[in-house]
Structure formats: structure tokens, C-alpha cells
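Number of protein chains: 4
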Amino acid sequence: MVEPEKLSAIERTAVEVKPMIDFRSDNTGRAAPEILEALVRANHGTALGYGGDDWTAALQQRFSELFETAVRVFPVATGTAANALALASLGPSWGIVYCSEVAHINTAEANATGFFGGGLKLAPVPGDHGRINADRLAETLAGIAPGQIHRGQPSAVNLTQATDLGGVYTLDQIRAVADVAKGRDLKIHMDGARFANALARLGCSPAEATWRSGVDIMSFGATKNGGALCDAIVVFTPDLVDGLAVQLRRAGQVWSKMRFASAQLIAYVEKGLWLNMARASNAIAARIAAGLHDTSGARLLAPVEANELFLELPSATMDALEADGFQFYRRSKNLARFVCRFDTSEAEADAFVAALRRRLTPVTASRAAE
Amino acid sequence: MVEPEKLSAIERTAVEVKPMIDFRSDNTGRAAPEILEALVRANHGTALGYGGDDWTAALQQRFSELFETAVRVFPVATGTAANALALASLGPSWGIVYCSEVAHINTAEANATGFFGGGLKLAPVPGDHGRINADRLAETLAGIAPGQIHRGQPSAVNLTQATDLGGVYTLDQIRAVADVAKGRDLKIHMDGARFANALARLGCSPAEATWRSGVDIMSFGATKNGGALCDAIVVFTPDLVDGLAVQLRRAGQVWSKMRFASAQLIAYVEKGLWLNMARASNAIAARIAAGLHDTSGARLLAPVEANELFLELPSATMDALEADGFQFYRRSKNLARFVCRFDTSEAEADAFVAALRRRLTPVTASRAAE
Amino acid sequence: MVEPEKLSAIERTAVEVKPMIDFRSDNTGRAAPEILEALVRANHGTALGYGGDDWTAALQQRFSELFETAVRVFPVATGTAANALALASLGPSWGIVYCSEVAHINTAEANATGFFGGGLKLAPVPGDHGRINADRLAETLAGIAPGQIHRGQPSAVNLTQATDLGGVYTLDQIRAVADVAKGRDLKIHMDGARFANALARLGCSPAEATWRSGVDIMSFGATKNGGALCDAIVVFTPDLVDGLAVQLRRAGQVWSKMRFASAQLIAYVEKGLWLNMARASNAIAARIAAGLHDTSGARLLAPVEANELFLELPSATMDALEADGFQFYRRSKNLARFVCRFDTSEAEADAFVAALRRRLTPVTASRAAE
Amino acid sequence: MVEPEKLSAIERTAVEVKPMIDFRSDNTGRAAPEILEALVRANHGTALGYGGDDWTAALQQRFSELFETAVRVFPVATGTAANALALASLGPSWGIVYCSEVAHINTAEANATGFFGGGLKLAPVPGDHGRINADRLAETLAGIAPGQIHRGQPSAVNLTQATDLGGVYTLDQIRAVADVAKGRDLKIHMDGARFANALARLGCSPAEATWRSGVDIMSFGATKNGGALCDAIVVFTPDLVDGLAVQLRRAGQVWSKMRFASAQLIAYVEKGLWLNMARASNAIAARIAAGLHDTSGARLLAPVEANELFLELPSATMDALEADGFQFYRRSKNLARFVCRFDTSEAEADAFVAALRRRLTPVTASRAAE
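Chains as they are written, first to last, in the numbering used here: chain A, 448 to 817; chain B, 448 to 817; chain C, 448 to 817; chain D, 448 to 817.
FYI, nobody ran anything at the bench for these hints, they're computed from the structure. Be careful, since some hints might not be right.
[To be verified] Chain A is faced by these chain B residues, among others (derived, beta-carbon under 10 Å):
(1) Pro480
(2) Ala559
(3) Ala794
[Unchecked claim] Some chain B residues well away from chain D (every beta-carbon gap over 12 Å; in silico):
(4) Ser652
(5) Asp689
(6) Lys718
(7) Arg777
Think of the CB as a built atom: it goes at the ideal place given N, C-alpha and C, for glycine as much as any other residue.
Please work from the sequences and hints to get the whole structure.
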């Protein structure tokens with residue numbers, strides 16, 4: 448399976464084989480029917496543009512209840528827009544944003560943060576399984592004198608929750624990073640592209656997982672968890688709102704028919720839909736992990752705490768799995784990523800575990816010859 | 448009726464009165480049911496993300512047929528994104544983009560073009576009714592020596608079609624501007640937020656209205672004409688494609704579940720839906736204009752060639768119309784804009800004409816006392 | 448005389464004729480010997496880089512005395528850098544900066560403000576002779592609702608002192624603009640490329656001409672008035688300092704051997720050198736203006752209040768003056784600019800007046816035939 | 448010795464102790480008298496502004512002879528400006544620039560490249576002693592598919608010559624990197640802040656060290672090697688010139704009195720001055736390195752090939768050396784940098800070697816107690 452990287456050429460070659468069992472990404476999946484139904488239901492009457500409609504007002508209300516504080520919610524088209532614009536709102540253009548080496552903002556968003564931030568610099572901080580380690584952040588900050596002019600000035604910290612390697616920050620881990628950051632007046636941004644998966648794992652309230660643990664602003668992901676065409680920025684620190692509102696307009700991220708976005712997001716959290724979907728995809732990932740626990744030849748790069756598995760596998764095993772009809776992304780020669788969606792079935796999970804066990808045995812046996 | 452300008456405050460006061468007859472904008476309206484149905488129909492199976500899906504491939508095919516040449520179509524969330532990113536693709540960041548003084552990019556997009564263009568400068572060129580006059584463009588360019596370093600370098604021309612004052616460029620007018628521009632190696636961008644309305648007026652082919660008249664790239668509007676959550680950039684000049692693809696990704700304008708956008712755009716042009724809707728809104732505007740032809744006290748700022756009317760009215764008349772339940776935007780003390788949507792009814796149009804006639808008489812009589 | 452606009456081509460054709468009497472610009476002239484001597488005197492011992500030297504410390508002290516308040520002075524290479532970076536420090540990247548239509552930042556700096564400001568927009572405000580009119584500024588601001596998201600948000604006002612048409616704001620005029628601006632929380636930037644000329648005209652203190660009249664930050668010009676290789680930003684509002692310091696470093700405007708810049712600026716203001724030079728160039732301009740007062744055929748576009756004259760002249764007269772060996776810039780077919788330098792002699796001024804009088808008579812006589 | 452990082456505060460505390468023997472940086476030193484004399488000699492007559500003068504024309508001629516090809520030379524205020532603007536000229540704003548982890552552009556220029564490049568991303572490539580390793584560059588590029596949109600697109604490679612750890616690329620090493628880069632259509636930028644030191648080491652021609660080895664554009668440093676107030680960009684690939692000229696103007700890097708900069712650069716290369724100064728500082732560094740060759744307790748981080756030494760030392764030794772009156776920068780707890788200037792004397796070098804030997808013995812003996 449090849450990364451879909453050549454989409455920019457008009458003469459795109461079809462990289463998609465007949466899908467059989469798809470673990471490529473949580474963005475290859477369907478949307479929850481409830482979300483599309485809400486979108487269709489919003490199609491009546493006229494409504495003021497650019498967010499001046501009743502749905503968007505209701506969205507503010509609904510999320511403020513959800514987060515147990517007055518929040519401001521800005522629907523945006525993509526997680527990249529949410530991340531980059533949220534981070535750009537947190538500090539000056541000569542700022543430094545600390546993140547994990549493997550953070551999505553650092554590896555997969557074409558440096559959107561650097562662009563929207565006007566030259567903002569991303570600086571990786573070590574940690575395990577896609578997390579930032581609070582002590583290592585403290586060491587890094589200690590090396591940058593306040594007021595120095597040569598490196599830019601620390602301005603924010605980005606946490607991906609769940610992490611880009613399938614881990615989940617505990618509340619203590621978030622707070623430890625936030626404590627270090629606040630000691631230096633840095634703001635905290637949470638990239639919650641898979642926030643629902645993390646929340647389902649943590650079992651705490653949305654408030655605890657965010658502002659009560661020090662988060663100032665978050666990218667609230669819906670797309671990867673059964674959404675369709677929008678994510679959101681949720682602002683917990685009110686003085687960020689006014690600037691962000693103009694910046695979003697300038698960024699082409701304020702739909703004139705905003706009701707169709709707001710309606711999706713309201714439906715997403717209605718009656719626990721989002722958490723139900725996240726629990727489902729987490730459970731599938733856990734089921735696969737459990738199925739592999741005594742398998743030799745496949746090593747998990749990180750504990751499976753959300754809906755992704757990163758497996759070190761012989762490349763021949765990857766070839767064989769593809770021949771069996773499984774779709775997934777190769778991250779490197781011996782590392783593959785498998786992502787579970789809310790609608791991935793237990794049967795698909797079990798088929799994958801069975802295939803992997805079957806394919807690993809002969810491969811492992813022949814590895815000495817490789 | 449107040450412009451919805453204070454949406455950035457959390458404690459937004461409800462500016463929306465009970466809608467009665469809404470001429471505020473073509474973005475206050477519904478989406479065409481066909482478009483939402485197509486979106487819902489796309490919700491099956493898995494599909495490669497970021498545009499690697501069958502719907503997006505079909506979109507390229509469909510629009511290439513429509514425009515009678517191989518085009519590249521990039522769905523984007525908003526017209527502002529389409530305009531700014533298209534213009535940023537046409538030249539260097541030190542470029543000058545010529546546009547009408549009243550162009551949407553100059554008055555209503557929070558300088559998105561300057562931002563996405565990395566400091567790109569907009570320079571207004573005079574013309575009637577929102578058009579750029581080709582001779583005035585030539586004069587302006589003559590004043591900027593090639594190679595000079597003090598002003599930036601001319602790079603592109605932006606035409607709004609239909610114009611921001613409700614006019615429509617004829618093909619000859621487009622070609623005249625394009626000829627001047629091409630003589631200086633400038634690229635042409637068409638802001639087609641209301642392209643369907645212009646095309647319905649012109650009665651020519653999409654190809655004639657664009658690349659055959661010199662247009663290199665266009666913002667293809669759908670939202671204002673019965674769309675829901677996406678517009679598009681259509682590229683006619685192939686060497687712009689690769690850079691734009693990366694820039695769109697970086698701008699957070701590439702949906703991972705792109706199929707839901709592409710499906711909307713395919714439905715938009717299917718069986719002439721877009722032109723049928725545009726003809727409907729144009730006809731309503733023409734009906735109102737005809738109804739006013741012998742009215743004293745209301746003066747059209749520009750000929751009504753698409754779906755908008757700009758009326759010079761006494762402010763007391765505006766107050767009276769609002770009291771009658773009509774919604775519209777005041778552009779200045781004595782200028783009001785009335786926009787017709789695809790689903791504005793003839794009855795609404797007639798009610799407006801009647802109210803305006805009724806309200807003008809006493810107001811006009813009392814104007815001496817104002 | 449042709450504008451030196453084609454310097455970017457390697458094969459530059461020599462546009463410079465044998466100079467005879469040069470009124471092209473105040474940047475074509477020599478530096479004051481005192482300034483270069485100070486630079487040379489600074490060349491001893493070692494000194495900490497990037498402004499950590501004794502000369503730069505003395506500069507802070509000297510300018511703080513000069514302005515009768517604690518200021519921060521940042522030497523920069525050019526007036527364009529001073530203007531753009533000062534303005535970028537005054538507000539967010541989605542800001543609007545109000546300026547005169549003919550302001551240098553709007554006409555001659557390749558949109559440096561838009562670039563350094565990350566998409567900052569310049570919005571012209573009418574006024575006479577290169578000034579902003581306070582009432583017109585108030586009207587403009589009244590049209591932009593606080594909190595609206597569609598146009599960007601007003602952030603700063605730029606005043607050019609002396610103006611780009613050779614005028615000088617009175618203190619009352621500055622205060623009137625500042626009052627309007629402060630009423631909307633806008634900051635005031637003074638482009639003082641010819642601040643010494645203005646000050647020489649006003650006869651007030653530097654403090655009165657700047658922060659006591661509401662100026663927050665200024666571009667302090669030296670180059671045009673006998674300087675060599677640096678101008679400066681002078682900051683009156685302390686909370687602008689820290690961000691600006693980093694932004695200047697990032698902009699490549701912090702010399703590592705800063706002492707050689709600071710020494711120039713100290714010498715520039717020592718013993719009134721700057722004001723003496725400005726008085727000299729102002730006096731030459733006044734002498735020319737006086738010499739023309741009863742001349743028909745040459746009309747001053749603006750009162751001569753500093754060291755520049757803008758003369759409406761028949762183009763044939765311009766040709767004739769050039770043939771006589773006078774150098775100057777043509778701003779348009781019938782408008783020429785004449786700039787007096789600190790070392791322009793009275794004899795040069797008188798020669799120019801005599802030539803103009805001589806050349807106007809026959810030209811004027813023949814104008815009917817033109 | 449503390450890094451002069453807090454210069455942004457008005458109340459700067461004097462960090463400079465009475466200088467005794469200064470190894471802090473090559474930017475703490477004097478300028479060569481020949482350079483300042485040339486600057487002073489240029490102060491006669493009038494001259495067209497912004498580079499339209501005879502000195503700047505002569506500079507083009509002189510450097511074209513020096514590099515044995517028609518080059519374009521743009522004087523700029525600082526090396527940061529040279530680097531960032533040169534790199535910004537090499538590709539689109541969504542580009543990736545490969546550099547060493549320790550490259551000045553990555554560690555010490557406040558992300559100027561990201562800013563001037565409009566969001567350009569720096570990506571470190573491993574290598575020894577501040578170099579980029581060609582094989583590692585090839586591996587890195589192999590991981591980025593052409594046409595992919597998620598990471599940005601590779602656009603340029605930055606080589607620091609001499610490197611930021613005191614090494615010098617051999618011609619073969621430059622060519623190896625250039626070969627890999629050209630295979631992917633990447634441009635090569637050389638940060639030649641210490642180009643003279645590298646050239647003195649290599650003993651080859653300027654042409655061989657640059658464009659004949661694949662360099663497209665370079666930052667030509669003078670400041671660190673006896674210059675005063677300017678460095679330069681030298682362009683070898685002609686199609687980069689026109690855009691760069693406008694960008695420099697917009698960046699506030701085009702002095703109106705350019706003759707005073709061009710005169711410095713002409714003097715810098717006249718009669719081999721630059722290479723004589725570089726040989727002198729290199730020789731001092733080599734003398735120190737030779738003096739340390741049998742010293743235990745001090746370890747060179749990299750071979751001394753130019754004018755810098757990076758020494759791993761016990762921190763107590765650093766304290767002792769400072770107490771002895773030596774000035775230098777601590778890069779970390781156990782790493783110190785010593786930089787030799789063109790006017791550092793052999794006596795200063797010998798005094799340092801003696802002190803280090805003296806201070807190392809007791810310190811080393813007592814290290815067990817640390």
C-alpha cells in the first residue's frame with residue numbers, strides 16, 4: 448500500500464486496489480448517519496451567514512455544557528486548519544512551539560503551523576510513544592534565556608491526544624507538561640484529532656481532560672471518528688477569541704452557510720454518539736492487540752491505548768498481508784500502522800489477527816535467510 | 448438590519464429578527480436538496496483520504512468535460528480560500544494583484560489575499576459597476592517599469608464575475624482585460640463566486656467564459672447558488688497545479704474525507720442544476736428591476752445583470768422596508784443591497800416591489816423636511 | 448531623468464549622466480564627515496556583539512535625554528525596515544494600518560509593511576499635502592464595526608513627518624489624528640524619514656513632536672539628512688520593546704558589530720548636527736520657493752515646509768532643465784520633484800531658479816501649441 | 448561569560464567585564480582599517496540611490512572577476528538577512544530546506560528562514576562536525592515522494608562553509624551533496640559567513656569552492672572576518688536575480704546610500720585582504736590546537752580547520768579561565784567555544800594555551816570530587 452502522495456498530478460494513477468479490509472486510516476471511513484441526517488435537517492429556512500445562525504448559537508451552548516465552562520467553538524474544515532490557526536493564536540510569529548518529534552503538526556501538515564504562524568518554529572521535545580516528557584521540556588526551556596533574541600521566544604506547547612503513536616496522555620502527564628509550560632508563561636494547545644478516543648480511554652470528563660488540566664485551546668477532531676466535513680477549534684481562554692475570529696475569516700475557514708457545519712458538530716456529541724464511536728474503534732484496536740499478545744515476530748511500537756496499532760513487522764509479512772487483502776500504511780521498511788474505525792467489525796479484526804499469525808510463522812522461520 | 452459583524456464575542460447578541468422576506472445574501476439560503484442527497488449517497492464503503500477517492504476522480508472528469516479541456520478541480524471550504532489561494536499561486540509574494548476597488552478580495556475577506564500571498568498587494572483599478580476597465584489597467588501598468596524594485600512587481604489580475612455590484616463582464620470585456628494583462632505576462636484569476644449567474648446571463652459555454660477568454664485559474668462558486676459547504680478552484684493552466692496542491696494542504700483546505708465535498712460539486716453541475724438555479728435567481732432580480740423601472744426615489748447603482756440589486760434609497764425608506772419585514776444589508780446611509788436566491792419566490796419579489804412603491808411615495812414627499 | 452528602477456537586471460544600463468546639479472533625492476548626497484569620523488573612531492578594542500557594546504548603551508542614554516523620556520533605540524539598515532518592523536510591532540497580522548495615499552509605505556517600499564506584518568493591510572485616508580485628515584480618519588473608522596471579521600481590524604495609524612509631499616504636520620494636526628486613533632485603541636507610528644526637517648520647521652522639542660503628541664513608535668531617519676548606513680526605530684511605548692527586539696533579529700536587522708551603527712547615530716545628534724543639516728536643506732528649499740513666487744508656469748503642488756518641492760511643470764520645461772544639467776525625478780508627465788540636501792549650495796539653488804525662470808518663459812509662450 | 452541574550456530589556460545589565468583576552472566571537476573584533484578607509488573615500492559627490500552608483504557597479508565587476516563568471520552581488524546588512532533571503536529565493540514557501548542540525552539558520556537566527564520564506568521548513572540532516580552527509584541526505588529525500596502534499600516539497604540544501612563546528616567541507620564533500628540535491632532538482636545555498644576561512648583552508652579558487660562545485664547562491668560573509676556593517680548575497684544562477692532584487696527591497700535590505708556598503712566590500716577583497724585576514728585567524732586557531740595536542744582534560748569536539756575551536760572542558764576549568772581574564776562562550780555545561788579573529792595575536796593564543804594547561808591539571812585531579 449502506497450501513501451496517497453501523488454494526488455497533485457492531474458494524471459494520478461489509481462493507487463487504490465479493490466478494498467477488502469481497510470486499516471489505512473480513520474479518515475477512509477464513513478460518516479455516522481446521525482451526522483449527515485442532522486446536516487440535511489438543517490436545510491430549511493434562511494439563516495444569517497458566517498455563523499450568525501441558530502445552529503451555531505446552539506453549538507456554543509451545547510459545547511459549553513459539555514465542557515462545563517463557557518467555551519467558544521469555531522467549526523473549521525480540517526484538523527490541519529484547527530491546529531495551525533489555534534497555534535498561531537497563542538503567540539507571536541517569532542514564537543517557538545514545542546511538540547513531539549512525531550506530532551502531526553511536525554510531520555504531516557506541510558508546515559501549516561509555520562505558515563499560519565508567520566514563521567513560527569516547531570521544536571521537538573523527546574518523550575515516549577508520541578508524548579512530550581515534562582522533564583525534557585523543562586530542560587529544553589532552561590537552555591533558552593528569557594529575552595534572548597537569537598532563537599525566537601518560547602510561546603506554546605502542543606500535545607497530541609491521543610498521540611501520533613496510539614498512546615494516551617494521562618491527566619497527570621498533561622498536568623506535568625502544563626505546569627512546566629505555565630512556569631514559563633507558555634500556552635497549551637491540544638491536538639485532539641482523536642480526542643474522543645483518548646477520552647474514552649481516560650474515562651474522565653471533557654473538562655478534566657482539557658482546561659482543568661491546563662489546556663488553553665484545542666483542536667476538536669470529529670472527522671476521524673465518524674465525522675464528515677468539519678472539525679472545530681474549542682477555546683477555553685477567552686482572550687484568544689477575538690483575534691482568532693478574524694484570523695479564521697482571513698484563512699477562509701468561516702463558512703458562509705455555517706449552519707451545515709454546526710449541525711454536524713451538534714449531532715456528533717448528541718447522546719454520547721462521539722464516545723460510543725470512539726469506544727468502538729478503541730475496542731477493535733484492543734481486540735487486535737490482545738490477539739497478538741503471544742505472537743513472536745510482531746512487536747508493538749507502543750502500548751495500544753486508543754484506536755491505532757504500530758507494528759514492527761518483517762516487510763515480507765507486510766507483502767503477504769497485502770496479498771491477503773488487508774490495507775494499511777507502511778511507515779518505514781519494518782513499521783506498519785493499522786487504524787481501527789468506529790465501523791470496523793470484530794470479524795475484520797479477527798480476520799486480521801488470524802492472517803497475521805498465519806503469515807508470521809513462515810516468515811519468521813525464514814528471517815535468517817533475509 | 449445590521450451586518451453580522453460582532454460574531455467574535457462569546458456573548459453575541461441575537462441580531463436576527465424573525466425572518467420574513469430575506470434579501471440579505473445568497474448565503475442565507477438553503478442548499479439544493481440534490482446536493483445534500485449526493486453527499487448522503489457518498490456515505491458507503493471506505494475511500495482513500497485527501498482526494499484519493501473515486502468521487503474526486505470523477506469530479507476531475509466531469510469538470511474537464513464541462514470546460515472542454517483537462518482541468519484540475521480542488522474543492523475548498525470557502526470562496527475566500529479559493530480566491531486567496533488561487534491568487535497566491537499566480538505569482539511571487541512581492542507581486543501586485545490588480546482588482547476592482549469594490550472587489551470582494553479587497554473589501555470583505557480580511558485581506559486573505561495579502562496573507563496567503565505572503566505580503567501580496569492589492570491595487571485597485573477603476574471601471575464601471577465593479578469591472579476593471581482594460582484601458583485604465585493599461586495606464587496603471589505603464590506607470591510601473593519592468594524590473595523596478597520599489598513597488599513590487601505586477602503579477603495578476605482579478606476579475607469578479609458576476610461583479611460585486613451585480614454586473615456581468617461580456618466576453619469582449621474579459622478578453623480586453625486579458626489582452627492587456629498577457630502583454631505584461633500577468634495571469635488572470637476569475638472570482639466566480641457567482642459564476643453561474645454570470646454564465647446564465649451570458650448564455651455562452653463555461654469554456655468561452657473562462658480559459659478561451661484568457662482566464663488561467665478561477666474560484667468556482669457553488670455556495671451562493673444553492674451549494675452547502677464547498678466551492679472549488681478550477682485550474683486551466685497546468686503548471687499551477689503542483690504548487691497549489693501543496694499550498695492547499697498546508698492551508699488546511701484538503702479534506703481527508705474529500706468524497707463528501709466532491710460529491711456535492713458533481714451534483715451541483717449535474718443535469719444543469721447550477722444553471723437552473725442561477726437562471727431562477729437572475730430572473731427574480733430582473734423581475735424586481737422591471738417592477739421598479741418607473742419608480743422615482745429608488746435608483747439602481749448598476750444595471751441588474753445577475754442576482755443582485757444595489758438601490759440608492761432614502762434611509763427612511765430602508766427603515767420602513769425593515770418594518771415591513773424585509774431583510775437586506777445597508778451598504779451606506781443611502782445604499783442598500785438586495786440579493787435574490789435560487790429559491791426566492793416570485794411572490795416575495797412582487798411583495799417587495801409593492802412595498803417599495805408604497806414606501807417610496809410618502810417618503811419622497813417628505814424628503815424636503817429631512 | 449529616469450527613475451533608477453531597472454537596477455535588478457545584471458546588464459544595467461548606466462542611467463546616470465554626468466551629475467551637474469543634483470536635486471534627485473536626499474539619498475544621493477554625501478554623509479556628514481562627523482558621522483563617518485565617529486564610525487572610524489569606534490574601531491578599537493573588542494565589543495560584545497548584537498548591541499551589547501558601550502556605544503549602543505550610550506545611544507540609549509543619549510536618545511533618552513534627547514526625547515526627555517526613557518526610549519529604546521534600535522538602529523536598522525534602512526527606513527523601509529524601520530517603517531515595516533515598527534508597524535508590524537503595533538498590532539496583529541490581520542490589522543489595518545491607516546496612512547496617506549501618498550505615504551512612502553504605500554507607494555515605494557514594495558509592500559514591506561504587508562510582508563513584515565504577515566498580511567497587514569494598508570488603507571489610505573484622505574488629507575491635504577500628504578497628511579491624514581483627522582475627520583476623514585474618524586469617518587473611515589466609523590464604517591468599521593468593532594469585532595467584525597470581514598475586513599480585518601484597525602490597528603495603527605502611520606503619519607509621515609515631513610510628509611511625502613513636502614508638508615509638515617503641526618503639533619495640533621498630529622494630536623488631532625492621535626485623538627481619533629486613541630479613541631479606537633489604535634497605535635500611532637511616525638515615519639520620520641525626514642523628522643529632522645520637520646523638527647527644524649516646527650521649532651519644538653523632539654518630545655513635543657512625538658510622544659507628547661501621541662506617537663507610540665517612530666522611524667527615526669538619518670540617511671536622508673547626512674547619514675550613511677543606518678536609521679533607527681525609537682520606541683516610546685515600552686511594552687512594544689521585547690517583541691520588536693526578536694523581530695528585528697529575525698529580520699536580519701541586528702548588526703553583530705552594532706557599535707559601528709550606534710556610533711553613527713550618536714554623532715548624528717551630537718551638538719545639534721542633525722538639526723543644523725536639516726535647517727540647511729530646508730533653507731535651500733525655501734530659497735527656491737521664494738525665487739519662484741511670482742513665476743507663472745510653475746505651480747507648487749504643496750506649500751514648501753521642509754526640503755522638498757513638488758512642481759507642476761510643462762514636460763518641455765523638464766526636458767529643458769535636464770538639458771541644462773539639472774537632475775530631478777519626474778513623478779508624472781507634468782509633476783517633478785526637487786529635493787534639497789544639507790550640502791546643496793545657495794549657488795545651486797539660485798542657478799536652478801534662474802534656469803527655471805529662463806526656461807519657463809518660452810515654454811509658457813508656446814504652450815498653446817502643445 | 449553569559450550569552451548577551453537579554454539585550455531586549457531597556458534596563459540591560461552590563462554583562463561585559465573588562466575585556467582582557469577575547470575569544471567570544473569573530474564579531475566582537477575591529478574592522479580592517481582598509482575597509483573603513485574605503486568607506487570614507489566614497490564620501491564625495493552625489494550618486495544615484497539604491498545601488499545605481501558607480502561603486503555598486505564596480506562591485507559587480509570586481510566579484511565577477513573574483514568568481515570567474517558573471518555574478519550578481521547584493522550587499523546586505525547581516526548574515527541572517529543574506530541567509531534567509533537567499534534561501535527564500537530558491538523555492539516556494541511550502542519548500543523544505545535541508546541543513547545541518549547545528550546550522551546557524553537552524554539555531555541562531557530566530558527562524559529568519561521560516562519567516563522570509565513564508566513558512567519554509569528547515570529539516571536537519573545528520574553529518575559530522577556540522578556538515579551534511581550526502582548519503583544521509585539521499586536517504587532523507589528517498590522518504591519524501593515527489594508530488595506528495597503532506598510534508599511540503601524539498602526545495603533547497605544549505606551548507607555552512609566553514610561549518611558551525613569549525614570544520615571545512617572539502618570540494619568533494621560539497622559536490623557529493625550537490626549531486627544528491629541536483630538529482631532531485633534542489634538548489635544549493637552556501638552560508639559563507641566564514642567563507643574566507645574555508646577558502647584559506649582549501650587553497651582553491653572562489654569559483655571552485657562555489658558554483659563549480661554546484662552552489663547556486665551564497666551568503667558571502669565579511670563581518671566576521673574584519674568587515675564592519677555589511678555582508679552580501681552572491682548569485683551564481685541568473686534566474687534568481689530579478690525576484691531577489693524586489694525581495695531585498697521589500698526586506699529593507701537595499702540601502703539608499705549603497706555606495707557606502709559597496710565600497711566596503713570592494714576593499715574587503717582588494718589585494719587579497721580578505722584571505723590574509725582569514726589566514727591569520729585560521730593560523731591562530733591552529734596554533735592553539737597544536738598547543739593542546741597532548742593535553743588531557745580538554746577534548747576538541749571537531750578538527751580545527753578554520754578559526755574556531757570547540758573544547759569539551761570541565762566547568763570548573765571554564766570558571767578558572769574566566770577568572771584569568773579569558774572571554775569565551777559556554778555552549779553547554781562542558782562545551783566552550785573559542786573564536787580567533789584576524790587581529791588575535793600569537794601572544795594571546797600562547798597565553799590561552801598556557802592558562803588552559805595550568806588550569807586543567809588541578810581541575811582534572813579534583814574531578815573525582817565533583
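Results of checking the hints against the structure:
Among the interface hints, the one on Pro480/B holds; its C-beta lies about 7 Å from the nearest C-beta in chain A, closer than the 10 Å criterion. Interface restraint check: Ala559/B against chain A, minimum CB-CB distance 5 Å, threshold 10 Å, status holds. The interface hint given for Ala794/B is broken, as the beta carbon of that residue sits about 15 Å from the closest beta carbon of chain A, more than 10 Å. Under the 12 Å C-beta cut-off, the non-interface status given to Ser652/B relative to chain D holds; the minimum distance is some 31 Å.
With a cut of 12 Å on Cβ distances, Asp689/B falls inside the contact zone with chain D, its closest approach being about 7 Å. Every CB of chain D lies more than 12 Å from the CB of Lys718/B, the least distance being 33 Å, so the non-interface label holds. For Arg777/B, the non-interface assignment is confirmed: its Cβ lies about 38 Å from the closest Cβ of chain D, beyond the 12 Å cut-off.
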